[in-house]
Amino acid sequence: MNDLNLEALLAVDAGKLNPKQEKKVEIPRLSEAIGEPFIVTLRSIDSERWGEIQNQAIQVGRKGNTSVDLVKLNRMILLDGIVDPFLGDPQLLKHFGAVTPVELLDKLFSPGEMQMLTAAINELAGMGDEEVVTEVKN
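If you count by this note's numbering, then the sequence shown holds residues 1 to 138, one letter each, in order.
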């Protein structure tokens, strides 16, 4: 690491490097169903939690082969990334006849909506953003 990078990193407030990003998105189908805008608040997932989610979605087969359960991965991203509505709210769970927040996800959102929400959470973490890094030309 060159000295300028080292000095710059030491001078910056560490909390400013990875602030939690938030985004509000509307779910048109639910807005139409309830007669007013249905807004979901999404929050970025930090690197440590992201790694935990990925590890929990890995399946190891009998022969030691590994695969990723994409449905589980996406649901875990949604459970961590959706902050409003709170999917673990006992009243919501009871009202929709869901025992777990995962069941509530399936009752509230269509597969396409879940895919869109997952993509939005991933974007908050910088995934799929071509401008996350810039090539340095000499």
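Because the hints were derived from the structure by calculation, they are not lab data. Note that the structure is predicted; figures quoted are calculated from it, not measured. Among the hints, a few may not be true.
Under the rule of at most 30 Å between Cα atoms (straight-line distance), these lysine-lysine pairs were calculated in the DSSO-like manner [to be verified]:
(1) K72 with K23
(2) K63 with K24
(3) K94 with K107
(4) K72 with K20
(5) K23 with K107
(6) K94 with K72
(7) K107 with K20
Going through the hints against the structure:
1. A distance of roughly 23 Å separates the Cα atoms of K72 and K23; the hinted pair therefore holds under the 30 Å criterion.
2. Among the hinted pairs, K63 with K24 is inconsistent with the structure: their alpha-carbon atoms are about 44 Å apart, more than 30 Å.
3. A hinted pair counts as satisfied when its Cα atoms are at most 30 Å apart, and K94 with K107 qualifies at roughly 12 Å.
4. Distance restraint check for K72 and K20: the Cα-Cα separation of roughly 23 Å lies within the 30 Å cut-off, and the hinted pair is therefore satisfied.
5. Annotation: proposed proximity of K23 to K107 holds, straight-line Cα distance about 22 Å (limit 30 Å).
6. This hinted pair checks out: K94 and K72 have alpha carbons roughly 23 Å apart, not beyond 30 Å.
7. Our distance criterion of 30 Å between C-alpha atoms is met by K107 and K20, whose separation comes to about 28 Å.
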